[in-house]
Amino acid sequence: MMDFLKRFSRNRGALIGLIILLTVVLLAVFAPLLYPDSPWKMVQRPFLPPFSTDGFLLGTDTLGRDVAAGLVHGARVSLIVGLVSTLVALLIGVPLGAFAGFYGGLIDDGAMRFTEFFQTIPNFALAIVLVAILEPTLPTITLAIAIVSWPPVARLVRAEVLSLRKREFVDAARLAGLSNTRILFGHVLPNAMSPIIVMASLMVATAILLESSLSFLGLGDPNIMSWGYMIGAARTVIRSAWWLSFIPGVAILLTVLSLNLIGEGLNDALNPRLARKGR
Amino acid sequence: MKNLVTASLLSLGLALPAMAQDAGGRLDIVVQPEPPSLMLGLVQNGPTQLVAGDIYESLLRYDTDLNPQPSLAESWEISDDGMTYTFHLREGVKWHDGEPFTAEDVVFSVDTFLRETHARLRVSLEHVDTITAPDDHTVVFKMKNPFGPFIGVFEAGTMPMVPKHIYEGTDFATNPANNTPIGTGPFKFEEWQKGSYIHLVKHEDYYLDGQPYLDEVYYRVIPDAASRAVAFENGEVDVLPGGSVENWDVKRLTEMDNVCSTGKGWEYFAPHAMAWMNNREGPTSDKLFRKAVMYAMDREFVKDVIWNGFGKVATSPVSSKTNFYTDDTVMYDQDPEKAKELLAEMGYDGTPVRILPLPYGETWQRWAEAMKQNLEEVGINVEMVATDVAGWNQKQAEWDFDIAFTYLYQYGDPALGVARSYLSSNIAKGSPWNNVAGYDNPELDEMFAEAAVGATPEARQEIYTKIQQQLVDDVPVAWLLEIEFPTIYRCEVQDLVTTAIGVNDGARDAWIKQ
Amino acid sequence: MTLAAAIFGRAAKAVITLLLIVILNFFLIHAAPGDPAMVMAGEAGAADEQFIQQLREQFGLDQPLYVQFWNYVSGVLQLDLGYSYRQQMPVLDLILDRLPATLLLTLTAFGMSLLLGIAFGLAAAARQGKWGDTAITSMALLFYATPLFWVALMAVVLFSVKLGWFPAFGYETVGAGFTGLEMIPDRLKHLFLPALTLGLFFMAVYLRMTRSSVLEVSQMDFVKTARAKGLAEGTIRRRHILRNALLPVVTLAGLQAGQLVGGAVLTETVFAWPGIGRLMFESLTARDYNTLLGVFLVSAAMVIAFNIITDIVYRLIDPRI
Amino acid sequence: MDAVLSIQDLAISLPPGADRDYAVQNISFDLNAGEILCVVGESGSGKSMTANALMGLLPDQVEVARGVAQFEGRDMLALPDTERRKLRGDRIGMIFQEPMTALNPLMRIGDQIAEVFEAHNRHTPPERREKALALIREVGLPDPEKIIRAYPFQLSGGQRQRAMIAMALALDPAILIADEPTTALDVTTQAQILDLIKTIQERHGMAVMFITHDFGVVAEIADRVIVMRYGEIVEQGAAREVLSNPQHDYTRALLDAIPSDSVPTPEPVTEPPVLEVRDLRKTFVTSGGLFKPTRSVTAIDGVSFSIARGEVLGIVGESGSGKSTVGRAIVRLVEADSGEVILDGQDMNALSPAELRTARRRVQMIFQDPYASLNPRKKILHALCEGPIVQGVPKDKAQARAHELLEIVELDPGAADRYPHEFSGGQRQRIGIARALAMDPDLIIADEAVSALDVSIQAQVLELLRDLQQRLHLSLMFITHDMRVAAQLCDRVAVMQFGKLVEIGPVAEVFLNPKAEYTRNLLAAVPGTEWQVGAA
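First to last, the protein sequences are chains A, B, C and D.
Position 128 (the first sequence) corresponds to 128 in full-length UniProt numbering; numbering is contiguous.
Position 474 (the second sequence) corresponds to 474 in full-length UniProt numbering; numbering is contiguous.
Position 1 (the third sequence) corresponds to 1 in full-length UniProt numbering; numbering is contiguous.
Position 250 (the fourth sequence) corresponds to 250 in full-length UniProt numbering; numbering is contiguous.
I should point out that these hints are in silico values taken from the structure, not numbers from a laboratory.
It is possible that part of the hints are untrue.
[Claimed, not checked] Not close to chain C: a few residues of chain A, all C-beta gaps over 10 Å, as computed: (1) 5; (2) 6; (3) 19; (4) 29; (5) 34; (6) 41; (7) 51; (8) 79; (9) 80; (10) 87; (11) 91; (12) 105; (13) 191; (14) 197.
[Claimed, not checked] Computed footprint of chain A on chain C; a stretch qualifies when at least three of its residues, placed anywhere within it, have a C-beta under 8 Å from a C-beta of chain A: (15) 139 to 150; (16) 153 to 161; (17) 227 to 240; (18) 264 to 271; (19) 279 to 293; (20) 296 to 309.
[Said to hold, decoys possible] Partial list, computed: chain D residues near chain A (C-beta under 7 Å): (21) 360; (22) 367; (23) 373; (24) 375; (25) 387; (26) 390; (27) 393.
Glycine included, each C-beta is placed from N, C-alpha and C at the ideal position.
The task is simple: from the sequences and hints, build the whole structure.
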């Protein structure tokens, strides 16, 4: 663990990522304290540019809502959608991949056909259809994102389990008389955690992008202020008030970037064998 | 104020057709969304009418004060008892395929074709007894009863003339000719590159001398509102019909050099934005609550900020542009305190109301957000429902809403465009264009019936004034705004909007100043 | 086993997959609220129950769902994708009409992202640890983290509006009457921005993949062997590292090529590109069932086709398979 | 003799943070024309690093800190990269340990050989092809016309190593550096490759620097020998001299650690069998999927034998002989197709999965790879206790036993609370032994249990095993490819080839008086036999 922390903290990019992400998380957590009013509240003249009016650091949007408030409250949505959809995707993908890899044979065939099937449908298109059908609310958006993002998890876990189950410590566990489930969950899966964690961190990033893309197409939850919504809503005024799409775009960019940096840092730290040299 | 100047030029153009128009040139007009079909007799949605207005014509056109003007009919008479309408058709009119246009085509179009396919016209045709063609250039409509608004239905989108020689005896909906529409209009269909553009060319045999002036018209399909604005700026398109760019861009675009705009050309439709309030159940079934909603809303803000000052706050179910409007009604200016009082009086228990926004773009979305904010500020709990066009239609048709945004056309006469939303006979699940709110007032039903068949305009005005007073006090529906969709175009384009349906009437008179 | 037999086997499997996709999508789409009759009636601005009912009958929506399902599936089995009542033409024609635009866009974006991705990936790997590497990988990370639609918007503002270098949208200059060779520069100009925005993300993906793959292969024993032979570094990189390093990139790229169609929804919308991604979105909102199902079927078929092509390419590169 | 290469005071620095500052230092030696110089040492001794430094193939951040290497009148270490590149493959050839990975999998063998000429601008392409064919013939590869068009994956390990040698020989270099070229090969193949290197060396009069960890190999081919430890030379001299009369303690220790061929006197088997295997069969079928034909490999072909209580049975054979599969089939890690595995009168193959789980306790395994046999995420205590606890031993009892066992395998009891990565390979193997013992089994199967260890560590672990076996009266099935190890530990030995048991009998009988042809070949191939027999 200490090794891991040491290796991780030696990675400059990962540290920067961590700092950015922590900032975003803190903003999200303390949003109700920083901006106790609803981010939807029309508080000032519309279209105030950033840094022009005291109290409205980032200006106001098309209806005179405080952009900074929207940004801070939107952070919560992005993070929640990112995290929850990733968790759901893991809940689908990890067991499926694990059983497929561990038991092999027909179970493997079945599970992999199922996974391939989902990979055959272009996933952004599927997400759009799912959200449109279920009607956009926070849970349905999260679910749709999870449904399109689990197949790579299943494949990764399967590959890991396939290689791990041939390891000698698994044989040893078998000889000790452990049941299959116990071997799978006690010995095999814990060793597959590193790549899963790395992938999960990147999935959170992808989920945030997906959510914003859906919102951009008008498939966001209208009761919740999100970054994608802010860009989508500001798209129509991009010519006269470009900063309204620019600012939330940068927020997405930074968050996704930080998650990627952290993912890379985790990858380097958890799989030192592949660590990049010369940092 | 270029648009004022243009407007006056326009009227000059109308008054003095002798003024020299430059012939030739091409016009690029945005159409959004891509029309499903150009066969105006089958499909009458906005984009279809915009494009097909160049291809098809009807007997009359209407000027911006809704006065009938000649089109395929040169002249017409209405009998004093209002029971007989006689139209004298222009001679020498040819279909695009060269066949002559005759009174038989009119009878076929109205009596056979449109009666089957045109829902809105069908309602008016119920007052018609017979349609006959005594000779090739005369058509006579005999009525069952006098029907005041009847003279207003001879507009191209309401009563397009379709060629009898092509459609008679066929299955109208699947006739292959629907893909290559044949009309009498100033432009012929040339090519449709799906997803990209529709190309129309000049109808050389058009019956007006020297017209149309333009050689060709391109209707450009550009799905994204921001891209449409860019297209106009880059000079790729010359005309942005009302509603094709978001309101925020309207302001910016009209401030550009050599760009003109006009709010005219919507008088016939007089789009009336409103929010259905479910009169059957939930908090909205209480009149006090509905009044509170009216007082809570800041409609001036919506007009100024969301609609950039275009339009006019609606004070009545009838648009001020439509005949028989009155301002002698209760006025609901924003008054949050009063709204709170009303809520307290009714004992509002905080039950949340679901707002169904109109899924027609960002403007409407913002509007719903603003309303939500207004309502929350007086203590009403609001939940926004997200859905797309299909879901929105469905939820209205199934009465699955508390407050639902919509906007409806008035078609120049309350009997055509207003009564439908309030008649109790119009309460039926399955359609989003009837009395969706579920307002049920037998007394009012009678008044509407009386007004529709009223003999004189004065008599009708009297009844409609009473109707408006009653409705505004009952607030079955929250009237929001008389929408104005400005048409934006390059100033070289002349005589673009000359009638009450504006660009929808086609580019017959339009020309480009060289 | 011969290549032909292998392809045949894959194709047979693909048919089953496609059929399953048809079934799943059919029920998914019919579960959506509203129907095409309602939407079309809605656009007319006014309609009565009778009109809607009429439309439903015309579209065959009045029949029980299983009958509609059977009609559709038996049609698909005969390669008949049905009729789009909204667009008034057979779905297959509609899709074939739009497909070339999508293929042009996605293949250009794909080719561009693959070429640039590999080139930059190689450049970064060659400068491993130096600032050139840092610059390239940071750039990749940036593209990787940027929302596609946002890039598209910003690109339009910059290149089209401010600089006026490229048209902001569309497929061709409408009505310019270009023919033959004249069309090419015009098309290229229109293609540039959409292909760029669609390709940037994937370029970043391939770049990162190439870089790490090259670094991994560089550590392999046979590279040391090549050095021991006295080969020049350039030759080693070209002949030994590159080919081996490209194998995983090819696999990944093949898997993703099909997915580009999905990503094209956003790009096609912003750039008014008349392709099937946009058709999909439009037919979804219009509940144009047959068209939507058709687009799904065709794009899934494209994914499968790309996978098969990938396999073939892989077999050509790697003698072991 | 003339020194072709003369190295003085070579030191190679390691990157900061490594376990020592220099990979090697104070290295000085000469390589004479026409001699085979063996550089011997255990892993980490720096022997390969020295070779790589000469070739200019050091990994990133590892650099030559000082020193001179005179070759053909120039200091190789001071040459610019381009000059050094010209020497590689031309004047100095090199072959590596892993024939499986040392060839580019995507290039034909012929092209890979011809590439050497191309790199140095020799000959025209058709000539290169002819030369490549000649080289293929010279290194004794069959069917040169076919080999030249073959891809590496179509060749066996020995054939690939021959192809590597062909490349190294292409330009008739003055020096051939061979870095453990036979370590990954089977013993018979190893003998052939050693033979080949020797022949070629003689024919071309090259100087060969041969790096190895195996004194048997040294004895087989070396003229002179250098012994390295921790990056320094501890002893050098003529091979015969060093082998028979080592001066340095470390050399002596290394030589002592080599299992001798002195065969123990067989003790007659008196006790009842603990395990009986009857007609065991297993065929692996790989369904190739769509792209590959179905292939089947017979791994066990009717094998029968028994092990008596307290007996050590060795199973020897080359890779692919099926020896490991037999072990795994006995514990049902591999399901046999047919046959009986009778343990205490009970047929293991007939047990239901549930019954099997409890029965498994009775046979435990010690595995080959000390790095893969312990779960890296679990503490040692967990590894030692989990099995017994699952079998119903109370937790505190199991833990007490675990501590006891650590002592038995001569590990610090504090080891229980540590993770596997904190231990060396030898220590991990001890933990593996303790884990097997923890289950209190009737039989322990050790599958190549010492193969991955350095020779000195190997000796210690063998010592421990022998000791435990005697103290605890263990029954042991010892699977190995190494004849010497087998000879030292086993009471009886079975020889396997192609899934069949070709010979079984008391160790002295099998080794000193082999009946099967294959056994004889195998024994003859063991490097350094003559030397040791002579020494014994």
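* Determine whether the non-interface label on residue 6/A survives the test: each CB of chain C must be over 10 Å from its CB. => 20 Å, holds
* Is the interface hint for residue 373/D satisfied, with its Cβ closer than 7 Å to some Cβ of chain A? -> 4 Å, holds
* **Cβ separation check - residue 41/A to all of chain C, threshold 10 Å** => 26 Å, holds
* Can we trust that residue 197/A is non-interface, i.e. its beta-carbon lies farther than 10 Å from all of chain C? -> Label holds. Min Cβ-Cβ 18 Å, cutoff 10 Å.
* Given hint residue 360/D near chain A, where the shortest CB pair must fall under 7 Å -> 5 Å, holds
* Coverage of the stretch 153 to 161 of chain C by chain A, judged on three or more residues with CB within 8 Å -> Since three or more residues must qualify, the claim that chain A covers the stretch 153 to 161 of chain C holds, with 4 doing so at under 8 Å.
* **Closest CB of chain C to the CB of residue 51/A still more than 10 Å away** => The claim holds: residue 51/A sits with its nearest Cβ about 20 Å from chain C, beyond 10 Å.
* Against chain C, does residue 80/A keep a CB gap of more than 10 Å to every residue? -> 18 Å, holds
* Confirm or reject the coverage of the stretch 279 to 293 of chain C by chain A under the rule of 3 or more residues with a beta carbon closer than 8 Å to the chain's beta carbons. => Our answer is that it holds, as 5 residues pass the Cβ test (under 8 Å) against chain A, meeting three.
* To do: Decide, holds or violated, for the assertion that all CB atoms of chain C are farther than 10 Å from the CB of residue 79/A.
  => Non-interface label stands for residue 79/A: nearest chain C Cβ at 15 Å, farther than 10 Å.
* Let me know if the C-beta of residue 390/D comes in closer than 7 Å to any C-beta of chain A, holds or violated. => OK, holds: residue 390/D within 7 Å of chain A, min 5 Å.
* To do: Examine each Cβ of chain C, and state whether all of them lie more than 10 Å from the Cβ of residue 5/A.
  => 23 Å, holds
Checked against the numbered hints listed earlier, the structure breaks hints 17, 27; every other hint is satisfied.
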